[in-house]
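Using the hints provided, position chain H relative to the given structure of chain X.
Taken in sequence, the protein lines are chains X and H.
Counting in our numbering, the first sequence runs from 1 upward without gaps.
Counting in our numbering, the second sequence runs from 226 upward without gaps.
Simulated from the structure, these hints should not be mistaken for lab results.
One or more of the hints may lead you astray.
Claimed, not checked - Computed cross-link-like contacts, DSSO-like style, restricted to lysine-lysine with a CA-CA straight-line distance of at most 27 Å: (1) 590(H) x 481(H); (2) 115(X) x 229(H); (3) 84(X) x 128(X); (4) 425(H) x 140(X); (5) 140(X) x 244(H); (6) 120(X) x 215(X); (7) 229(H) x 77(X); (8) 15(X) x 215(X); (9) 299(H) x 83(X); (10) 127(X) x 84(X); (11) 140(X) x 6(X); (12) 229(H) x 124(X); (13) 529(H) x 140(X); (14) 127(X) x 229(H); (15) 74(X) x 529(H).
Unchecked claim - Some chain X residues well away from chain H (every beta-carbon gap over 12 Å; in silico): (16) 16; (17) 22; (18) 31; (19) 68; (20) 70; (21) 124; (22) 142; (23) 179; (24) 191; (25) 209.
Beta carbons: idealized from backbone N, C-alpha and C, even for Gly.
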Amino acid sequence: MIIEVKKLKKTYEGKVPTYALKDVSFGVKKGEFVALMGRSGSGKSTLLHQLGLLDAPSSGEIIIDGTNVVNFTKKQKTEFRLKKLGYVFQSYALLPELTALESVYLPLMLSGISKTEYIKKATKMLKKVGLGERINHLPKEMSGGEQQRVAIARALINDPAILFADEPTANLDTKSSETVLALFKSLNREIGQTIIMVTHEPDDKKHVDRVVWLKDGVIESEDAK
Amino acid sequence: MNIKASFFLARTTILRGNKGTLAMTILIMTLAYVNLIFISSIFGGIVEAINEQSINNLYGNIVITPASDEIYIKNRDAINSIDTIPGIVASSAHYLNNAVISYDENNDGRDIQRGKWLVKSVDVEDESRVTQISNSIIEGAYLDDSDRNNIVVGKEIAGGHGGELEHLSLGGVYVGDDIDVQFNNGTKRTYNIKGIFSTKNSQADQMAFITTKEMESVLRVHNLASEIIVKIDEKGQEEKYITQIRQSGLHDEDIKTWEDLTGFTSSASKSFTMISIILGVIGIIVAGITIFIIIFVSIVNKRKQIGILKAIGMKENTIILSFVMQAIFYAVIGIILGISIVLFIIRPFFINNPLDFPVGWVSLKITFNIIKISNISLIIAALIGGFIPAFRGTRESILDTIWG
Chain X
1 MIIEVKKLKK TYEGKVPTYA LKDVSFGVKK GEFVALMGRS GSGKSTLLHQ
51 LGLLDAPSSG EIIIDGTNVV NFTKKQKTEF RLKKLGYVFQ SYALLPELTA
101 LESVYLPLML SGISKTEYIK KATKMLKKVG LGERINHLPK EMSGGEQQRV
151 AIARALINDP AILFADEPTA NLDTKSSETV LALFKSLNRE IGQTIIMVTH
201 EPDDKKHVDR VVWLKDGVIE SEDAK
Chain H
226 MNIKASFFLA RTTILRGNKG TLAMTILIMT LAYVNLIFIS SIFGGIVEAI
276 NEQSINNLYG NIVITPASDE IYIKNRDAIN SIDTIPGIVA SSAHYLNNAV
326 ISYDENNDGR DIQRGKWLVK SVDVEDESRV TQISNSIIEG AYLDDSDRNN
376 IVVGKEIAGG HGGELEHLSL GGVYVGDDID VQFNNGTKRT YNIKGIFSTK
426 NSQADQMAFI TTKEMESVLR VHNLASEIIV KIDEKGQEEK YITQIRQSGL
476 HDEDIKTWED LTGFTSSASK SFTMISIILG VIGIIVAGIT IFIIIFVSIV
526 NKRKQIGILK AIGMKENTII LSFVMQAIFY AVIGIILGIS IVLFIIRPFF
576 INNPLDFPVG WVSLKITFNI IKISNISLII AALIGGFIPA FRGTRESILD
626 TIWG
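Excised from the complex, chain X in its bound form (with noise of 0.2 Å):
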């Protein structure tokens, strides 16, 4: 196992408490691509910040590649983030000033990688999702769809072990859809890269391993191929 969770419990104080995970416990296989699916509400998107470590749980372990992650420092969070885990995010979530380039290289400088090596991974990782031609264009010269695939290639260059994508085709036409999506399934086929995926569409459903079904905060089902 990659990922275990175990007996994870997220409450957001408040005069009336909110039990956003009561008692969540599962696991993800390396190599599995899995999607995590409910409703608004279901605690879908709260289970993938615990996991990505983007928020702290009130109880339970998150044990990710064999370390307990829940007790970590924010220093250990973020060298975390930066070395193992990768996130794609609804809204692209690019940087408006940056070139695709920079955007994707910008994790590798933060890992004190030299400029010719960051360039040349950068490039060789944009011309991979397909934007081979696009590397010095900004993002308001993008469409949605290629903002989406410099945010995956950014997700990826520093080879993490786990991608996180949060709802990464809810903004997207169908056919943008389909190529980001088809691009995770072959990431995962090819590289045998482990993605958990929180998505409303069951359309979906089609491109991962597993599905795993939230509703008011447990798991209601899995699904699996």
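Just chain H, lined up with the frame of chain X:
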């Protein structure tokens, strides 16, 4: 912290961000800097004008008066050797006499205007090398060494020439009029007014001048002095020259700097210096708050991007540094443009068009110190103004910044 990544982000934000915002930000920084320099320099100019008035019209740089138990400075050899000290431009010996000056306009013994003023004697050539009185004649001419029955009076004595103390003056005397002077030894003589002078120093304008030869005949003395004023070539080095003057033989005389003698003007210049400092500090705070607001707005607009950067593994310190670098860039460009405007536009303008203040002609006094302090202040303001909002912005949780 990854300095290279911070610099990369700061550079791309500046180069590829909104050009209008960048231009506006730099304009604000430039004006904040010009404001800092201008306020300090104009007050520096006022203080300088006050001081120059005292030096040029009253005291020179150094004033030598007799030992406490003496009326005159008697060591003539020492007096003569003052001018040979390297760095001393000139010295001028005076006899001083508090005399009653009166003017009988109709020569009928009625309605005589009189008052008590300081009459000084001068060696014309020496005096013109130390003070500017001879260049301040507004009517008639200055004295010649051969003059015996001529007198030059300040406008506050003459009256009728726009003085501030008109009610205490002779009520309006002009070149060619005769006035009577009764010296404090009882001698009374009549002098013809040869010239009337006006400086921007009312204390100087309350003095009258006759030649040394004439005063020596009145006082029946020879080759003495009541005071010697000394001009040096480098203001601020007075103490060094006082030591040398003492070494030349004037051991017991009272020797003071012009600063020691400027009572009212000294407190006025201190007040202007204080106002300058207060306005300078306010200017720095305003500049700091301006940078703070600029960076704060930038961070509010980039809130989501900060979340993304944190999510992909960029350390908070690296993000903060990139914003601080932007703030410093705005400050440095503001300083470069500001200093260019000050040195190449404002300064030449004020040199050609000095302001007519009651204390004198005021221009900007831009010193290396003012520039240094303004530069350091603006950079520190940029550091703080950039750091605080960036620090606060990066402390928010990733989820709050990305999904708000």
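Hint check results:
A distance of roughly 26 Å separates the Cα atoms of residue 590(H) and residue 481(H); the hinted pair therefore holds under the 27 Å criterion. Among the hinted pairs, residue 115(X) with residue 229(H) is consistent with the structure: their alpha-carbon atoms are about 11 Å apart, no more than 27 Å. Between residue 84(X) and residue 128(X) the alpha-carbon distance is near 20 Å, which keeps this suggested pair within the 27 Å criterion. The suggested pairing of residue 425(H) with residue 140(X) is violated, with an alpha-carbon distance near 66 Å, which exceeds 27 Å.
Proposed proximity of residue 140(X) and residue 244(H) is supported: the alpha carbons are some 16 Å apart, at most 27 Å. A hinted pair counts as satisfied when its Cα atoms are at most 27 Å apart, and residue 120(X) with residue 215(X) does not qualify at roughly 44 Å. Between residue 229(H) and residue 77(X) the CA atoms are separated by roughly 21 Å; this keeps the pair inside 27 Å, and the hint holds. A threshold of 27 Å between alpha carbons decides the hint, and for residue 15(X) with residue 215(X) the separation of about 23 Å falls inside it, so the pair holds.
Distance hint between residue 299(H) and residue 83(X) is unfulfilled; the C-alpha atoms sit about 91 Å from each other, more than 27 Å. Distance hint between residue 127(X) and residue 84(X) is fulfilled; the C-alpha atoms sit about 22 Å from each other, no more than 27 Å. The hinted pair formed by residue 140(X) and residue 6(X) fails the criterion: a straight-line CA distance of about 42 Å is larger than 27 Å. This hinted pair checks out: residue 229(H) and residue 124(X) have alpha carbons roughly 22 Å apart, not beyond 27 Å.
Taken as a hint, the residue 529(H) and residue 140(X) pair is honoured in the structure, with Cα atoms around 17 Å apart against an allowance of 27 Å. Between residue 127(X) and residue 229(H) the CA atoms are separated by roughly 26 Å; this keeps the pair inside 27 Å, and the hint holds. For the hint linking residue 74(X) to residue 529(H), the alpha-carbon distance of about 19 Å falls within 27 Å, and the restraint holds. Look at residue 16(X): its CB is around 20 Å from the nearest CB on chain H, clear of 12 Å, so calling it non-interface holds up.
Listed as outside the interface, residue 22(X) is consistent with that label: its C-beta sits roughly 19 Å from the nearest C-beta of chain H, beyond the 12 Å cut-off. Once the 12 Å rule is applied to beta carbons, residue 31(X) is consistent with being away from chain H; the minimum gap is 23 Å. Separation of residue 68(X) from chain H is adequate, the least Cβ-Cβ distance of about 20 Å exceeding the 12 Å criterion. Here residue 70(X) stays apart from chain H, with its beta-carbon at least about 16 Å from theirs, past the 12 Å limit.
For residue 124(X), the requirement that its beta carbon stay farther than 12 Å from each beta carbon of chain H is met, with the minimum near 19 Å. Distance check on residue 142(X): its Cβ is at least 15 Å (rounded) from any Cβ of chain H, clearing the 12 Å threshold; non-interface status holds. With a minimum CB-CB distance of about 22 Å to chain H, residue 179(X) clears the 12 Å threshold, and the non-interface call stands. Chain H leaves residue 191(X) outside its interface by the beta-carbon criterion, the shortest separation being 20 Å against a cut-off of 12 Å.
Interface exclusion of residue 209(X) from chain H stands, the closest Cβ pair being 25 Å apart, more than 12 Å.
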